[in-house]
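So the sequence lines, in the order shown, correspond to chains A and B. Counting from 0, one number per residue, gives the positions in the first sequence under numbering that gives the first Met the number 0. Counting from 0, one number per residue, gives the positions in the second sequence under numbering that gives the first Met the number 0.
By construction, these hints were calculated from the structure, which means they are not laboratory data. Heads up, a few of these hints could be off.
[What the hints assert, rightly or not] Pairs of lysine to aspartate or glutamate, DMTMM-like flavour, derived with a Cα cap of 25 Å:
no. : chain 1 : residue 1 : chain 2 : residue 2
1   : A       : Lys449    : A       : Glu318
2   : A       : Lys31     : A       : Asp383
3   : A       : Lys314    : A       : Asp292
4   : A       : Lys173    : A       : Asp61
5   : B       : Lys168    : A       : Glu349
6   : A       : Lys449    : A       : Asp270
7   : A       : Lys214    : B       : Glu201
8   : A       : Lys71     : A       : Asp107
9   : A       : Lys149    : A       : Glu178
10  : B       : Lys51     : B       : Glu76
11  : A       : Lys314    : A       : Asp225
12  : A       : Lys449    : A       : Asp201
13  : A       : Lys208    : B       : Glu246
14  : B       : Lys168    : A       : Asp373
15  : A       : Lys31     : A       : Asp113
16  : B       : Lys185    : B       : Asp158
17  : A       : Lys214    : A       : Asp292
18  : B       : Lys260    : A       : Asp373
19  : B       : Lys51     : B       : Glu71
20  : A       : Lys272    : A       : Asp338
21  : A       : Lys214    : B       : Glu206
22  : B       : Lys260    : A       : Asp416
23  : B       : Lys260    : B       : Asp167
24  : A       : Lys214    : B       : Glu246
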Amino acid sequence: MKKTILTLLVLAAAAVSQQRPDIIGVIMGSQKAVIAVPDMRGAGRAAGFMDVLNGTLFRDLDDAAIFKMAPKSMYPTRVPQQPGEFRKPLQYDPNNRNAAPWLQDWSDPPVNADYLAFGYAAEQDGQMVLFGWLFNVRQPDVAAAQVIGKLYFGPMDESGARKVAHEFASDILKQFGVESLAGSRIFFVSNRSGNKEIWSMDYDGPNQKQITSYKSISTMPSVSPDGTRIAFTSWALGQPQVFVHSLETLRRIPFLNPRAGTNQNASYSPDSKQVVFSSSASGFSQIYMANADGSGIRRLTNTRAVEVEPKMNPKTGNEIVFVSGRGGGSPQVYRMNSDGADVQRLTTGEGQATNPSWNPQGTHIAFAWTRGYDPGNFNIFVMDVNTREYVQLTSGAGRNENPTWAPDGKHIVFSSDRGGRSQIWTMLADGSQLRQLTSAGLNEKPAWSK
Amino acid sequence: MTTQKASALAVALCLSFFAAGCKKKVGVGPMPKAPVAEAPPPKVVVARPIVKFFTAEPTTIERGQASSLKWEVTGAESVSINQGLGVVGNAAAGGATPAVISGNRSVFPSDTTTYTLTATNSGGSVTEAVTVNVTAPPPPPPPVAPQPKALFSEVVARDIQDAYFDFDKSDLREDARNTLTQNADKLKTIFRDYPNGTVTIEGHADERGSAEYNLGLGDRRAIAAKDFLVQLGVPGDRLRTLSYGKERPQCTDNNESCWQKNRRAHFTGQ
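Between the sequences and the hints, there should be enough to build the whole structure, so can you do that?
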């Protein structure tokens, strides 16, 4: 019996690994442009902040996962600082060390780049200024090659270096139809103040700030798509209830909780005007929809099972994924229409499946599943909601929970206790580029917002 | 009470002594003069008085008790003691020479007091001091308070047992039903004894589910326990439910015995 199960598992795993390129290919895209990003130099006081500037620029471009980063060790020794340094040679000779920089230095082997981001930073009226250019080095001349040539200003300190680098990276990404993650924030729960409170940080980890101070338990944050409100679950008034804070004033704004021992997991419709949440008003936690202030409540599910974590499709708004124990076994991920009709189980019924989260395109969900592991040992999976094909992104490294997607639909933030305590991590939706963003206290329940 | 009486008595005694001293002083009046001798008086060098002893017995008393001052002085014309005792002895006219003045007094100082005896004659005066140490008596026992009723929350914590659940389940196992049946009897009594108390049934889960699902599961466990108690006649309006899911574990080890401790309905009194 055990052997049969094992064989099945192995077969299933093989099947999954075969599916992998399809799902990941759809999410990640295929053909990637190669970009070279040589370290820029700084004049005057700007010189002291170039490590931060260069690091931020490289990371923003690398993180976006739309480029192949040309390996730095292959870069030519002649690195231009501004376009005027390029001189078209009569006869290109890569071995002529006295020649001026030319586009082919970058487009030819071994660099093989399609694009070159270059420039320099300087001090101007006490401010930091970055002169940034993006060249398509496959073009025949400098005039045709220039894609971006722009000045970026910031204060003369590390934050200024980060600002100008983020803005330059953001402009480069726009050329490829991608919104930069720079400026996006991750909300999460931390107990570092002594109680679980809601915190926020920049998408890459800096600027960690405490948002709530209820000195109770406040957890499970969810940000409205318009970025004006954050809903979470708090015990601040006794029983766990839905709380809403304005992200503009950071103050609490009213939300009409139904009379129930537990109201939790509020999340928003694409237009930010509706919420779906879980309430035990009937005696069992069930899925409800209401206006953003909690009025006009209607019940969407009607079972004698625990049903939590409803999430509306962020693109269409016409379907909801949620978690239910209605099958009698461990919780599984289900979908239904936004009026509660046409309920279908998405996961196979194996293990515990929880924490579903839509990608911004509304085609895939990321979720946490113990399939193939002991109860509680969750890994992050991604599923194509139409085909039910799924792929496992983490394996064998602690409990990995609460995946949510970045606005670019290519990154996933999640919590993992692989290092001991639960911390916030990001990765690409193909499971690569793992980064740990937090380390102080216990951190969990991340939610990525624009 | 006793102490108060004692000190009142002490004050009264002190006053009476003081008064007696005054009377004596007034009563004695000026000394009659010795008859004048025919011959001019010989020049006599008068020796200063000698204090043979000046003692206090005992030297240490508790406040309110008495100490006895005793003295004997020779060659003095008068003997006095400070601290309000005044003149306590005079040489009798034509008495023995040298005159012996002795006496004793009971004193009731309320604090440590040094008494100085001064013996005087025409040759001068001599002083001798003795100190009576006064210690404060230990305080009386506090008044006997009426035996307080145990706090409601303590009674609930002591008498009402946790009910335990299976993994991912909220139905009541045999052992949970037995526990809750006992709890029901006790709760009925406790609610009778404490008409204002209410009990919160907390629902908890082990760490192995998601926090979100466990919050719903804890809610179910608390409601299941409440429903059972109400069926057994416990007043439902005095029972509240509160789910903590896996947010407030009783035990944080990573094994089944610990997980079982956390899959529970727990009772607190308010």
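>> Against the 25 Å threshold, does the CA-CA distance of A/Lys149 and A/Glu178 hold or violate the hint?
In response: 18 Å, holds
> Regarding the pair A/Lys214 and B/Glu201, is the alpha-carbon distance no greater than 25 Å?
Replying inline: Cα-Cα ~19 Å, so holds.
>> For a C-alpha distance cap of 25 Å, please report whether B/Lys51 and B/Glu76 respect it.
In response: 15 Å, holds
> Between B/Lys260 and A/Asp416, does the CA-CA distance stay at or below 25 Å?
Replying inline: 22 Å, holds
> Has the given pair, A/Lys71 with A/Asp107, been kept, meaning a C-alpha gap of at most 25 Å?
Replying inline: 14 Å, holds
>> Hinted pair, alpha-carbon criterion (25 Å max): A/Lys314, A/Asp292. Please report holds or violated.
In response: Within the cut-off at roughly 22 Å; holds.
>> Hinted pair, alpha-carbon criterion (25 Å max): A/Lys31, A/Asp383. Please report holds or violated.
In response: Holds - the C-alpha atoms of A/Asp383 and A/Lys31 are around 23 Å apart, at most 25 Å.
> Do the alpha carbons of B/Lys168 and A/Glu349 lie within 25 Å of each other, as the hint requires?
Replying inline: 17 Å, holds
> For the pair supplied as a hint, B/Lys185 and B/Asp158, is the alpha-carbon distance within the 25 Å limit?
Replying inline: 7 Å, holds
> Is the Cα-Cα distance between B/Lys168 and A/Asp373 25 Å or less?
Replying inline: 17 Å, holds
>> Hinted pair, alpha-carbon criterion (25 Å max): A/Lys214, B/Glu206. Please report holds or violated.
In response: 22 Å, holds
>> Given the hinted pair A/Lys449 and A/Asp270, is their Cα-Cα distance within 25 Å?
In response: Holds: A/Lys449 and A/Asp270 sit about 14 Å apart, inside 25 Å.
Hint compliance for this structure: every hint is met.
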